[in-house]
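Asks: Line by line, the protein sequences are chains S and D.
Take any residue in the first sequence, note its place counting from 1, add 2, and you have its number in the numbering used here.
Take any residue in the second sequence, note its place counting from 1, add 2, and you have its number in the numbering used here.
No lab work stands behind these hints, which were simulated from the structure alone.
Incorrect hints may appear among the rest.
As the list makes no split between identical chains, a pair holds if one copy fits it or if it spans any two.
In the BS3-like style, the derived pairs of lysine-lysine whose C-alpha atoms are separated by at most 25 angstroms in a straight line are [claimed, not checked]: (1) Lys11 x Lys220; (2) Lys32 x Lys57; (3) Lys220 x Lys113.
It should be emphasised that the depicted structure is a prediction, and the values quoted were computed from it without experimental measurement.
Number of protein chains: 2
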Amino acid sequence: MSTEQPKDKIWTAALIVIGDEILSGRTQDKNIAQIASWLNVQGIRLSEVRVVADKMDAIAEAVNILRSRNDYLFTTGGIGPTHDDITVDAIAAALEIDVVIHPTARAILEKYYTDKGGINEGRLRMARAPDGAELIENRKSGAPGIKLGNIFIMAGVPQITAGMLDALTGTLEGGAPLLSSTLGAWAPESEIADILRQSEKANENCQIGSYPFFREGKVGGNFVVRSTDAGALAICTADLRKGLEAAGYEVTDGGI
Amino acid sequence: MSTEQPKDKIWTAALIVIGDEILSGRTQDKNIAQIASWLNVQGIRLSEVRVVADKMDAIAEAVNILRSRNDYLFTTGGIGPTHDDITVDAIAAALEIDVVIHPTARAILEKYYTDKGGINEGRLRMARAPDGAELIENRKSGAPGIKLGNIFIMAGVPQITAGMLDALTGTLEGGAPLLSSTLGAWAPESEIADILRQSEKANENCQIGSYPFFREGKVGGNFVVRSTDAGALAICTADLRKGLEAAGYEVTDGGI
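With the sequences and hints as input, model every part of the structure.
Replies: So, in structure tokens, the structure goes:
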């Protein structure tokens, strides 16, 4: 990439999940976790997510604020062939850009549907893109994703999204990946809160997250240390382990 | 409730999911779908969701905008005993209210921890609440949720959230529940897009959502008709079924 960036710049992305099916509770979202995990590997941090309805103004509002305050903006959902698929129109409207038929997308769809009944009006909708957009390869089915500036417009079906992420792997500039290590213990969070707080305070470049659970009738927790510095991560993890063991808990590497 | 509301008012709620563990991809959120489904039964529509980090300003920004443009605001996460649990402080700061130890919450926690090692500093954190707040019963463990005006501050662990929702059932004013019916067919979305569009257009008080899937090596879809009017819902569903059957598809009630 051409622009010089400070070495320790934290690259951020936001995600907009578009779809009434998520807001109605009908569909359990899987794209937040999938995209978050993928971004971590690219050295990009997912900073915020919004789930919005299939409504032009709701999508446009989220697009304009999130694209301007993050390095990247991803959207999932609403790029299929049906009447409720309005993501392309909403993003084009938000950016005041015309929607055109993308010639390469059209060619891809014509080829994909050759032995599936050919192109039709619904299918051609999936070749529509904001003017000047590039395509994101769809390795699972026909219709491609769309890249417009720092906006990545992806499918809603998680398997198709996965294929698009795969196609984008290694193409986005990022920083040092966020590293993490996990310790687990059958410890009630409320008994070891002080140990967590002290370990985090003593290790400046690390954050510690506490994730309690109930299993087998017992309370326990996984404690995740995160840092972009491998050395600092190791020291903080060792420090936390020592604290938990001193309090009488057996500690499991990698979590329980 | 005392305030007169128009009969056809659509009651809306927003949800803020608070937690680095969701944004890092470590934890798969389950509260969005759970709360969305529960709200439907209360006659309240989930209009928007935001996932934000464990950061004071990120939480406060989301709280202030969402509480003002929705009838209700729910939050999940960040009310435990550890240092990264800052939801109460962030919401109090957003509303410019002091944080106090809620005497009833303290009494609940003291009782809950009597035979579990007693109260300590971490556990007492869970009795903190914005001044003037009420409590939401926790039917699964000790620490209660918090109600402050139209804001409902809930746990992040889905089983505990479920118990709090259970305690709130029937206590929130809502409108007519959003009804839905689902038809399924092994139809590629791109072949029946026109049928969906026409059915929706012909049935004014209904929305039709199209949810494609890949299974058993074949493409299919579930088509969900939604309306607050049971009669309109039945007519639209019958209309859609007729359209799909006329196009040669076998239609499955309730979806595939």
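Asks: The structure should be examined with respect to each hint, and the outcome stated for every one.
Replies: Hint check results:
For the homomeric pair lysine 11 and lysine 220, neither the shortest alpha-carbon distance inside one copy (42 angstroms) nor that between copies (45 angstroms) is at most 25 angstroms. With identical chains, the CA atoms of lysine 32 and lysine 57 are at most 25 angstroms apart both within one copy (21 angstroms) and between copies (24 angstroms). For the homomeric pair lysine 220 and lysine 113, the shortest alpha-carbon distance between copies (19 angstroms) is at most 25 angstroms, but the shortest distance inside one copy (56 angstroms) is not.
Violated hint: 1 only; the structure is consistent with all others.
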